[in-house]
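Numbered per our numbering, the sequence shown finishes at 320, counting up by one with no gaps.
It is possible that some hints are incorrect.
[What the hints assert, rightly or not] List time: in silico DMTMM-like cross-link candidates among lysine to aspartate or glutamate, alpha-carbon distance up to 20 Å:
#1 Lys7 to Glu46
#2 Lys127 to Asp175
#3 Lys134 to Glu41
#4 Lys260 to Asp281
#5 Lys82 to Asp221
#6 Lys25 to Glu43
#7 Lys202 to Asp221
#8 Lys204 to Asp230
#9 Lys202 to Glu182
#10 Lys134 to Glu43
#11 Lys25 to Glu61
#12 Lys74 to Glu12
#13 Lys104 to Asp180
#14 Lys134 to Asp175
#15 Lys55 to Glu43
#16 Lys134 to Glu61
#17 Lys7 to Asp33
[To be verified] Label pairs and their calculated CB-CB ranges:
#18 Asp230 to Asp175: 33 to 41 Å
#19 Ala292 to Ala8: 15 to 23 Å
#20 Glu132 to Ala247: 27 to 35 Å
Derived from the structure by calculation, the hints contain no laboratory data.
Being a predicted model, the structure only gives us computed values, none of them experimental.
Each residue gets a CB set at the ideal place from its N, CA and C atoms; glycine is no exception.
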Amino acid sequence: MSSTDPKALFPEAVAARVSSLAIAKGRAIAIVDAAGLGAGEREALEADIREVLEKRGDVTEVRVAMTAERTARKLIAVGSGKGGVGKSTLTANLAIALARMGRKVGLVDADIYGPSQPMILGNQGQKPVAREEKLEPVPSKYGVPVLSMGHLVEPGRAIAWRGPMAGGALTQLVDAHWGDTELLLVDLPPGTGDVQLTMLQKFKPAGAVLVSTPQDLALIDAARAGQLFDQAGVPVIGLVENMAGYACPHCGEVSDPFGKGGVEEAAGRLELPFLGRIPLDLAIREGGDSGAPPAATDDPLAQPFHDIAAKLDAWIGAKS
Numbered sequence: 001m002s003s004t005d006p007k008a009l010f011p012e013a014v015a016a017r018v019s020s021l022a023i024a025k026g027r028a029i030a031i032v033d034a035a036g037l038g039a040g041e042r043e044a045l046e047a048d049i050r051e052v053l054e055k056r057g058d059v060t061e062v063r064v065a066m067t068a069e070r071t072a073r074k075l076i077a078v079g080s081g082k083g084g085v086g087k088s089t090l091t092a093n094l095a096i097a098l099a100r101m102g103r104k105v106g107l108v109d110a111d112i113y114g115p116s117q118p119m120i121l122g123n124q125g126q127k128p129v130a131r132e133e134k135l136e137p138v139p140s141k142y143g144v145p146v147l148s149m150g151h152l153v154e155p156g157r158a159i160a161w162r163g164p165m166a167g168g169a170l171t172q173l174v175d176a177h178w179g180d181t182e183l184l185l186v187d188l189p190p191g192t193g194d195v196q197l198t199m200l201q202k203f204k205p206a207g208a209v210l211v212s213t214p215q216d217l218a219l220i221d222a223a224r225a226g227q228l229f230d231q232a233g234v235p236v237i238g239l240v241e242n243m244a245g246y247a248c249p250h251c252g253e254v255s256d257p258f259g260k261g262g263v264e265e266a267a268g269r270l271e272l273p274f275l276g277r278i279p280l281d282l283a284i285r286e287g288g289d290s291g292a293p294p295a296a297t298d299d300p301l302a303q304p305f306h307d308i309a310a311k312l313d314a315w316i317g318a319k320s
């Protein structure tokens with residue numbers, strides 16, 4: 001089998017990706033460097049190569065082998081000790097903010113029993129496809145691909161699974177075709193159950209962000225979640241205080257229905273970084289319900305999310 005110079009056959013951009021090309025006895029074999037390409041880009045590149053080679057009179061069979069270095073992908077867990085503290089909303093907005101900063105970020109909705117990311121990211125009703133027995137993430141209009149049980153079951157359908165099944169579902173969502181995604185944010189269910197244990201055993205995160213509202217009960221539960229990560233050797237990147245401060249839309253007066261500063265005080269007591277606070281604002285809730293998270297806009301409500309994302313980005317950069 002003789003070697004052929006790819007530059008003699010393909011456009012410059014395609015030829016640069018073809019590591020080697022051999023043609024003999026009607027068979028053409030192209031070895032292609034697909035590093036950094038997403039699934040769609042790989043398919044388009046292969047189609048371009050096949051189109052050129054199949055037009056040749058001396059070629060009856062084309063084989064294209066894609067090679068790429070495995071992406072060094074970091075997992076960041078976003079957890080809370082209890083439900084209803086806005087963890088999913090924070091995760092989605094952080095992912096969008098990081099994507100706007102240039103990070104190649106994906107999102108795993110690991111809240112198996114109460115998935116909400118399809119609604120927040122505006123791709124509810126879309127189904128992931130399987131390739132080579134692994135799922136392809138569902139794209140979103142915000143540049144953040146996502147996988148969720150909400151994409152796999154009918155909306156509104158209850159999921160009644162025992163722990164091992166939930167752990168298996170998490171494995172499918174994380175161990176998917178994430179392409180060149182360099183960072184996965186994992187939106188964990190509340191508490192310290194089977195899903196968290198499966199993640200720690202199979203996909204140990206690089207770090208964790210804990211979310212809590214300011215009141216004491218939520219802080220106690222958040223501390224339990226922090227202890228789980230600490231026992232597993234996963235560093236807690238910092239704490240976020242959610243639903244802190246409500247500005248009356250009529251008079252502008254700011255009140256604190258859930259208190260204020262409790263999470264920051266807890267962070268100081270635990271010697272952990274305090275990443276910031278998110279206000280209690282109707283527009284944040286409406287944005288999540290309508291698939292229009294504020295972090296995707298230049299609205300002032302986006303700023304707290306971008307500030308927290310910048311601290312997270314700096315932490316990741318320092319660990320790289």
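Hints violated by the structure (numbers, ascending): Hints 6, 7, 12, 16, 18, 19, 20 not satisfied by this model.
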